[in-house]
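Asker: Sequence:
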Amino acid sequence: MTGRRPTRSSFLRGLRGRSRAIRTGALSAGALVACASLAAGCGVVPGTTGGSGDDPVTVMTWAPQDTGATNKPGMPAFSQAYARWINAQGGLGGRELNVLTCNDHNDSVAAAKCARRAVKEDVVAVVGSYSQHADSFLPVLEGAGIPYIGGYGITNTEFTSPLSYPVNGGQPALLAGLGSTLADSCGPVTLIRPDTIAGDQLPVLLDSGLTSGGHERAHDQRAAEDATEYDGQSGRALERTTTDPAAPGCVVPVLGDRTGTFMDSFRRARADYPDVRTATVLGSVDQTTINATGGASGPYEGAYVTGWYPAANDPAWNGMKKVIKEEAFGDNSVDAADAGVQTTWIAYTVLKEVVEALGDGEVSAHTVTRALDDGLTVGTGGLTPPLQWKFQGKLASVGFPRLVNTEVTLQVVRQGRLVSAREGADALDTTRTLRNTDLT
Numbered sequence: 032m033t034g035r036r037p038t039r040s041s042f043l044r045g046l047r048g049r050s051r052a053i054r055t056g057a058l059s060a061g062a063l064v065a066c067a068s069l070a071a072g073c074g075v076v077p078g079t080t081g082g083s084g085d086d087p088v089t090v091m092t093w094a095p096q097d098t099g100a101t102n103k104p105g106m107p108a109f110s111q112a113y114a115r116w117i118n119a120q121g122g123l124g125g126r127e128l129n130v131l132t133c134n135d136h137n138d139s140v141a142a143a144k145c146a147r148r149a150v151k152e153d154v155v156a157v158v159g160s161y162s163q164h165a166d167s168f169l170p171v172l173e174g175a176g177i178p179y180i181g182g183y184g185i186t187n188t189e190f191t192s193p194l195s196y197p198v199n200g201g202q203p204a205l206l207a208g209l210g211s212t213l214a215d216s217c218g219p220v221t222l223i224r225p226d227t228i229a230g231d232q233l234p235v236l237l238d239s240g241l242t243s244g245g246h247e248r249a250h251d252q253r254a255a256e257d258a259t260e261y262d263g264q265s266g267r268a269l270e271r272t273t274t275d276p277a278a279p280g281c282v283v284p285v286l287g288d289r290t291g292t293f294m295d296s297f298r299r300a301r302a303d304y305p306d307v308r309t310a311t312v313l314g315s316v317d318q319t320t321i322n323a324t325g326g327a328s329g330p331y332e333g334a335y336v337t338g339w340y341p342a343a344n345d346p347a348w349n350g351m352k353k354v355i356k357e358e359a360f361g362d363n364s365v366d367a368a369d370a371g372v373q374t375t376w377i378a379y380t381v382l383k384e385v386v387e388a389l390g391d392g393e394v395s396a397h398t399v400t401r402a403l404d405d406g407l408t409v410g411t412g413g414l415t416p417p418l419q420w421k422f423q424g425k426l427a428s429v430g431f432p433r434l435v436n437t438e439v440t441l442q443v444v445r446q447g448r449l450v451s452a453r454e455g456a457d458a459l460d461t462t463r464t465l466r467n468t469d470l471t
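For the sequence shown, the numbering used here assigns the number 32 to the initial residue and increments by one for each residue that follows.
By construction, these hints were calculated from the structure, which means they are not laboratory data.
The reader is advised that the hints may include incorrect statements.
Stated by the list, open to error - Pairs of lysine to aspartate or glutamate, EDC-like flavour, derived with a Cα cap of 16 angstroms:
1. Lys352 / Asp362
2. Lys151 / Glu173
3. Lys144 / Glu173
4. Lys356 / Asp366
5. Lys425 / Asp460
6. Lys144 / Asp166
7. Lys421 / Asp405
8. Lys425 / Glu438
9. Lys352 / Asp366
10. Lys383 / Glu127
11. Lys353 / Glu332
To be verified - Restraint ranges, calculated between C-beta atoms of paired labels, are given here:
12. Phe360 / Phe422: 41 to 47 angstroms
13. Ala278 / Asp362: 22 to 28 angstroms
14. Asp460 / Ser216: 16 to 22 angstroms
15. Asn363 / Arg453: 28 to 34 angstroms
16. Asp97 / Ser328: 30 to 36 angstroms
17. Gly125 / Ala255: 48 to 54 angstroms
18. Thr319 / Ala255: 22 to 28 angstroms
19. Asp306 / Asp226: 24 to 30 angstroms
20. Ala323 / Gln120: 46 to 52 angstroms
The C-beta atom is built at its ideal place from N, Cα and C for all residues, glycine as well.
Kindly generate the complete structure, drawing on both the sequences and the hints.
Answerer: Written as structure tokens, this is what we have:
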């Protein structure tokens with residue numbers, strides 16, 4: 032069941048907080064949910080009257096777990112903690128929140144299975160999830176009219192699908208912002224990235240920031256995302272970034288969970304070469320990783336890191352930390368400094384705003400999608416700019432029509448702590464850089 036109530040009106044009511052009035056009118060094209068082929072598991076067609084006022088709102092959160100590559104167990108774990116917390120507060124607009132979780136195993140077949148299960152369970156949305164296999168799961172969700180709210184942003188497809196509602200700028204914004212930062216401070220730059228379809232999208236994004244600052248393109252160095260050591264990769268990266276003694280280079284590993292493995296090899300190899308700087312993106316490194324690799328004496332000291340949100344010690348995260356303290360205390364997979372957990376918190380903030388905006392009306396995949404498409408603006412307490420999704424956003428001309436949050440923060444590892452690199456500075460807006468990105 033998905034939280035449907037008998038339809039009283041076609042108008043949305045009960046907007047709260049920073050949300051503004053939602054326009055009513057004709058249904059958006061493509062918003063109807065196809066259910067004919069899923070009669071056995073789909074209940075009633077979303078958008079029609081059915082169920083009782085006490086029905087829960089059912090959603091799904093998925094992420095890879097227990098794999099040899101990148102894992103994000105904190106995302107589904109936090110989603111369940113959030114459900115316990117919000118239900119103790121009376122639910123979403125008085126409705127119980129029911130969260131289903133799925134392990135996509137970093138595999139395209141498993142990702143598609145998660146999506147088919149979401150359709151079968153008749154969820155109103157997939158919320159705060161991570162998967163490298165958008166080409167496998169998004170067509171399934173699109174066919175059923177299920178919105179994808181607050182994906183991690185690991186693939187470009189998440190910024191093109193009309194049913195994707197990203198809360199951050201994903202890899203495009205992180206890498207464009209990092210390239211802009213490194214253009215003024217680095218000699219030769221080498222990007223070490225996964226030899227995967229998702230990894231193939233990364234070089235052009237980093238290069239967009241580098242070239243906008245008058246820097247030459249980075250050397251694109253592919254690597255296995257599940258390797259147990261990167262000695263050879265480290266040596267090659269150092270050879271390419273130390274060719275000019277007058278302009279020390281920068282090594283940029285973006286390998287997800289395997290970034291730490293690379294840096295362990297890199298620490299050993301760099302002793303035989305001149306100094307170079309390292310830089311990466313949040314998600315490939317966090318405070319836990321820095322602590323585990325030696326803190327101030329570790330390989331990340333001095334490294335630039337771009338992120339989507341304020342640093343973890345910012346008071347804007349107090350609401351999320353309260354949920355963790357009350358409902359996930361002792362669960363080591365739920366870390367307040369984890370970008371996946373942070374993204375999941377923001378994604379559920381969006382869901383909460385939408386359900387409350389629907390008031391006493393029907394809550395279904397169709398009505399949630401319509402609310403988002405009809406102009407609902409969501410405030411996140413300063414963690415992001417106000418979020419509003421349009422069919423033709425400011426980056427539609429370069430292939431990112433759903434990318435609505437172009438801001439990134441610049442952080443640096445200083446004395447073993449991940450802190451803001453520019454105290455008091457505003458977030459960096461990557462819109463102009465991304466507009467010049469050549470994705471062909």
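Asker: Hints first: check each against the structure and report whether it holds.
Answerer: Evaluation of the provided hints:
At roughly 13 angstroms between alpha-carbon atoms, lysine 352 and aspartate 362 fall within 16 angstroms of each other, so this suggested pair holds. Distance restraint check for lysine 151 and glutamate 173: the Cα-Cα separation of roughly 14 angstroms lies within the 16 angstroms cut-off, and the hinted pair is therefore satisfied. Using a Cα cut-off of 16 angstroms, the hinted pair lysine 144 and glutamate 173 holds, with the two alpha carbons roughly 14 angstroms apart. With a C-alpha separation of about 11 angstroms, the suggested pair lysine 356 and aspartate 366 falls inside the 16 angstroms cut-off, and the hint holds.
In summary, the hint linking lysine 425 to aspartate 460 is supported, as the alpha carbons are separated by about 12 angstroms, within the 16 angstroms threshold. Pair hint lysine 144 plus aspartate 166 holds up; C-alpha atoms about 13 angstroms apart against a cutoff of 16 angstroms. At roughly 8 angstroms between alpha-carbon atoms, lysine 421 and aspartate 405 fall within 16 angstroms of each other, so this suggested pair holds. Annotation: proposed proximity of lysine 425 to glutamate 438 holds, straight-line Cα distance about 13 angstroms (limit 16 angstroms).
Our distance criterion of 16 angstroms between C-alpha atoms is met by lysine 352 and aspartate 366, whose separation comes to about 9 angstroms. For the given pair, lysine 383 sits about 11 angstroms from glutamate 127 by alpha-carbon distance, which is consistent with the 16 angstroms threshold. A distance of roughly 30 angstroms separates the Cα atoms of lysine 353 and glutamate 332; the hinted pair therefore is violated under the 16 angstroms criterion. For phenylalanine 360 paired with phenylalanine 422, a C-beta distance near 42 angstroms keeps the hint of 41 to 47 angstroms intact.
Roughly 46 angstroms separates the CB atoms of alanine 278 and aspartate 362, a value that falls outside the hinted 22 to 28 angstroms. As the Cβ distance of aspartate 460 to serine 216 is approximately 20 angstroms, the hint placing it in 16 to 22 angstroms holds. Remark: the range hint 28 to 34 angstroms for asparagine 363 to arginine 453 is upheld by a beta-carbon distance near 32 angstroms. Aspartate 97 and serine 328 have their C-beta atoms about 31 angstroms apart, which keeps the hinted 30 to 36 angstroms range intact.
For glycine 125 and alanine 255, the hinted distance range of 48 to 54 angstroms is satisfied, since their beta carbons lie about 50 angstroms from each other. Remark: the range hint 22 to 28 angstroms for threonine 319 to alanine 255 is upheld by a beta-carbon distance near 23 angstroms. Look at aspartate 306 against aspartate 226: about 28 angstroms separates their beta carbons, and that is inside 24 to 30 angstroms. Range check, alanine 323 to glutamine 120: about 35 angstroms between beta-carbon atoms, so the 46 to 52 angstroms window is missed.
Hint violations for this structure: numbers 11, 13, 20, all remaining hints satisfied.
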